[in-house]
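Residue numbers (this note's numbering), protein chains in the order written: chain L, 242 to 595; chain H, 242 to 595; chain Y, 242 to 595; chain V, 242 to 595.
Keep in mind the hints are simulated off the structure, nothing from the lab. Since this is a predicted model, take the numbers as computed values, not measurements. Warning: the hint list may mix true and false statements.
Intra- or inter-copy, both count: the list cannot distinguish identical chains.
As the list claims (entries may be wrong) - Listed below are the simulated EDC-like cross-link pairs for lysine to aspartate or glutamate, each with C-alpha atoms no more than 20 Å apart in a straight line:
| no. | residue 1 | residue 2 |
| --- | --- | --- |
| 1 | Lys454 | Glu588 |
| 2 | Lys576 | Glu455 |
| 3 | Lys427 | Glu526 |
| 4 | Lys383 | Glu455 |
Protein chains: 4
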Amino acid sequence: IRLRGYGIEIGVLQTGPMNAITDVQGVKVGHTTLIQGDDIRTGVTAILPHSGNLFQEKVPAAIYIGNGFGKLAGYTQVKELGNIETPIVLTNTLSVPRAADALITYTLMQPENENVRSVNPIVGETNDGYLNDIRKRVVTEKDVLNAIAQASDGPVEEGNCGAGTGTSCFGYKGGIGTSSRVIPEKLGGYTVGVLVQTNFGGIFKLNGIPVAKELDNYSRMLKYGSDGSCMIVIITDAPLDSRNLERLAKRAMLGLGRTGGIASNGSGDYVIAISTAEENRIPYESDSPILYQNFLRNNNTTPLFLAAIEATEEAILNSLFAAEDMIGVDNHERKALPKEEILELIENYRMLGH
Amino acid sequence: IRLRGYGIEIGVLQTGPMNAITDVQGVKVGHTTLIQGDDIRTGVTAILPHSGNLFQEKVPAAIYIGNGFGKLAGYTQVKELGNIETPIVLTNTLSVPRAADALITYTLMQPENENVRSVNPIVGETNDGYLNDIRKRVVTEKDVLNAIAQASDGPVEEGNCGAGTGTSCFGYKGGIGTSSRVIPEKLGGYTVGVLVQTNFGGIFKLNGIPVAKELDNYSRMLKYGSDGSCMIVIITDAPLDSRNLERLAKRAMLGLGRTGGIASNGSGDYVIAISTAEENRIPYESDSPILYQNFLRNNNTTPLFLAAIEATEEAILNSLFAAEDMIGVDNHERKALPKEEILELIENYRMLGH
Amino acid sequence: IRLRGYGIEIGVLQTGPMNAITDVQGVKVGHTTLIQGDDIRTGVTAILPHSGNLFQEKVPAAIYIGNGFGKLAGYTQVKELGNIETPIVLTNTLSVPRAADALITYTLMQPENENVRSVNPIVGETNDGYLNDIRKRVVTEKDVLNAIAQASDGPVEEGNCGAGTGTSCFGYKGGIGTSSRVIPEKLGGYTVGVLVQTNFGGIFKLNGIPVAKELDNYSRMLKYGSDGSCMIVIITDAPLDSRNLERLAKRAMLGLGRTGGIASNGSGDYVIAISTAEENRIPYESDSPILYQNFLRNNNTTPLFLAAIEATEEAILNSLFAAEDMIGVDNHERKALPKEEILELIENYRMLGH
Amino acid sequence: IRLRGYGIEIGVLQTGPMNAITDVQGVKVGHTTLIQGDDIRTGVTAILPHSGNLFQEKVPAAIYIGNGFGKLAGYTQVKELGNIETPIVLTNTLSVPRAADALITYTLMQPENENVRSVNPIVGETNDGYLNDIRKRVVTEKDVLNAIAQASDGPVEEGNCGAGTGTSCFGYKGGIGTSSRVIPEKLGGYTVGVLVQTNFGGIFKLNGIPVAKELDNYSRMLKYGSDGSCMIVIITDAPLDSRNLERLAKRAMLGLGRTGGIASNGSGDYVIAISTAEENRIPYESDSPILYQNFLRNNNTTPLFLAAIEATEEAILNSLFAAEDMIGVDNHERKALPKEEILELIENYRMLGH
């Protein structure tokens, strides 16, 4: 049962049919989940903005750095050129280089890319070292290629899977979560989808209810280490250029803030935003020196901003609702969100139905 | 009665004695409130980080651009040099240049500054054009110098005063608000004070309660114009360098997000952060080429981040609780927050006392 | 006689017909020169990207901060929204607010702008305080409006005029300079025009010849104060979006570097870049939520980058060749470039004709 | 024979004893050069700011993005935290991930780092795909670890070695180059060392002499592909904080500009700047929440800026003077700089000795 299954509604906008990033036409998600022995709890999540050859048909994109204590690969070229040319891969902190290398392999071996000699792989990460023996770096090229190969549209698996297999959030078991919003037809009818890999701390709130305070479940000393982080991926079919995609990405942090996230010193919080609008694809090679593009005016971005905030908040909550108890390396344990206790709390707050 | 007078507590950290930016030792605030005839509803708020000659003893500082659709003066030099050398002045959008000019006058005429030929005035703004005939640009040099001259420590006037005289927030009357937090002694015992000029929109939440949704009081079309904006000023006695002050400033936007703010396209949202730690003052002239400074390590910033988030959220709410009904230009009217209705709502949500 | 009149050619690209920023169709430049008594040596230069109502028809733009120790007005909104909505005004450091205020006046009083309540004035500056009693702030609103009113296409006055009236460069008299480049038809045939206000230091080179070293005319102690700065304005008819305009702006600093400029600590070096391509104008209001735009692909920007570098280098040199001896406040004197001595040096270097 | 062996002096400041980045006390450089069969022409260069455990004793650092069309690893954390915690490794574009992975291995296996679970490897690159079969990705972990192990102080090998083995510059054979400057004792006596990996284009100038123009050796169509780039590493013993290190890094691009570089669209130009001042090392763990640091004041940075410009210009020229003819993949050939022709040209320009 996802969050909405309990009658809890986040925000004021409508969700898409699946309430998932895959509500954006053409988007696919795939996971490789690695649970091995007592100590390996990690994985890979791949997100494909479209099903074509991404290198040959790049997509407008931007990355916003909420807090840069992280190892995301690919930032500077996206900033400079305003586009992304590979799938997006999420994994654990110490596996970023191998995942990036796998994305190069993937790109070089695609048909039409025989002469490509420069690739900008995009890999995000959070640190699952509490449950996973991260120093072993078990993620292989094959794991990454599998996640891409298995990517599909349709509902997205959430919780302890893919890059969220071993993550923690607000002291509970975190993981992968997703959500979407569709803005009213009069405002363009666009869809905004979000996928998160949650591994951060703060003072947890559920739809405004101060759960952490009520359950007295937060660190008084606020000594968050370097093992935090949240990766947020936003995809929309709205025709935004890279400048407005960066603005959209920035809003996701407000959604994170609503869950009680504080972007602590050690939390590497990054937001990747992509537009899949077909008219704005960027061909690798072209006879024309000019790109004919149709971009939404600055004035019309606000509904999308709200959509990104709401979908981020809900995706984070979905990750927590989907995650399950896990024991990992050194017998470290993360409990799932105590849903019954929390639902009772919500009942007391009489917020069900709102 | 301020928010806490109703038993409503925001966050988990302690406030300072006055729950105001002036809880940070040495900080002074002054207002010039301009209410004239039917059409002038504007003013000036001045914030002094310390009472000495700010040009001769600069303070480490940073400005974070939450959303840059605004006219703040002074950004680029603060970014480059990491310090601020004048009081901070807030006013209305079209009066920024005259306020900046007044700050130059102020600086040039201070003793010791006889040879100063370069000044970087810091002026923030929001657009009070709904209640104020902003095109008249009535703010004068004298109004600015008065705000500085009247600046005092002690409690800070909130609501319809100074630069908040004519502002609007979430469809209600906005204004000036302030709040503070003191972090536990074991974490340094530092104070973080925040002052806001609220003039923005979104889907209002009060301590997590979805007031706008419950009262059905928000724009379905999300067509926020260019008249939004929120100015946020953070001052702390914690010894932060400009890099960590920028990180601190960034967190204030999470506090704004918690009130339901969405940083709409037209909202110029800026956060100015300053450290008043005496050991880190930056002398204009010095015999030594070296600055001996004591800065907090990156690892120890998190409690301050939380403090900034909580104090920003509460300062915004304080501005709304303090503001009163106002009629202005063209008979435009802004109602104060319907406090009784809202307190009843809160009662229903049983959140009083939390 | 301008630089090319002596047979000195900078770079490899062709200049436009006038070798001036006004070679870009529709661009106009106007100066107000203020030379009063013994102590006033300052002025205003206005640059109009097109002759329509700039607020109603904004132009794609970007500002690159070479070194942010300066007081330029308008940066953050240009960064956020990617456009400029007023003429560009250059003046002295302490007159920026009054010039910005005048641009607001100008914008508010234009037909069609009766309801405008938010304007982002763009004002750049350098510090002419060595020759000008800058603390007097003599520049008035009328001076700014005059510069705009007198703006014309055709050749641009250079040297001791407008905002360059009292400036210094490499220890000589600086001022206003301009230059342009036209890229080959096969590469698009676009024009890139540059105008500079030169007031900076370093180790002067003329077309590669180490003039400062040969003439032993540079500061051994490199103690440049806060009075430096160079303002650079680039306008092109190439259809660049704001992202690529920022990249173009960045290249101008390479041109400054070629003259021996070093962007010293106290030098506020800013580059404003604008595209006047008519198909990409941004209407203030529009029935359509979509902008249909034609932008040059990233791959096709390089020739424009070279053009910006060459035109910046030559514009700086033109400012020095045009400037004349000046005595100002406190009997301070700046000598013009010793042209005969330098031409002899060039002759020795046998570089004439190259 | 290096450039100065021909009597050519760049700039006005003194070089260090070796005119190399290793003139900065404690800095070590190591190369792994990979020349295999007909098609492999690549390698690795490692730069160690000090010989201790860099993770345990981090160094203040900044990275400036001259042009972000590149794949440098590690940018965002350096920007956020202001320090570097691994050696710097340079290699080819498609080998960045494997080099980054090797740096993680290196860091994890160092004594004292047994519990480290988060590492930010710094890897720069240029694209040697013209001479090297870059798609083969032959660089191994061992190659990287060897470069680090072999790193030594003393003179630095230049030209066709390490990461410069297969690079091209201005149409000639490029490679590794280095240079240094020592600023006058009265200004602090600090050393600034630069190392470059040159692989970029433009219109070549040697100490101001327009070599490319004279020899008619440049592309009329300016169609530089994505295979350009220049990596620049600056190390200084001056006590600069990360903010002023970023400013220092920015100046290196002016030095690149003086050689005729234009930062073409496809050129990934990055500048990494580090301070080795011992008093400002940043311990990984510490009992004190405060860092006691001694930083140079903003006002005293200018001589260092000039030093960075001059050393970058000379390091680039040194790379060209040291590089030798090379034939690589697909029988592609790069000729070394035609030194005799050029020296004759210089003779004609009578610039020897200046």
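Should lysine 427 paired with glutamate 526 be assigned to within, between, both, or neither, using CA atoms and 20 Å as the limit? Cα proximity of lysine 427 and glutamate 526: across copies only (17 Å, versus 36 Å in one copy).
One pair to classify: lysine 454 and glutamate 588, alpha carbons no more than 20 Å apart. Within, between, both, or neither? Close inside one copy (16 Å) and across copies (18 Å); limit 20 Å.
Go through the copies and call it for lysine 383 and glutamate 455: within, between, both or neither, with a Cα cutoff of 20 Å. neither (45 Å within a copy, 51 Å between copies)
Using 20 Å as the alpha-carbon threshold, which applies to lysine 576 and glutamate 455: within, between, both, or neither? Within one copy, since 18 Å is at most 20 Å while 34 Å is not.
Checked against the numbered hints above, the structure breaks only hint 4 and satisfies the rest.
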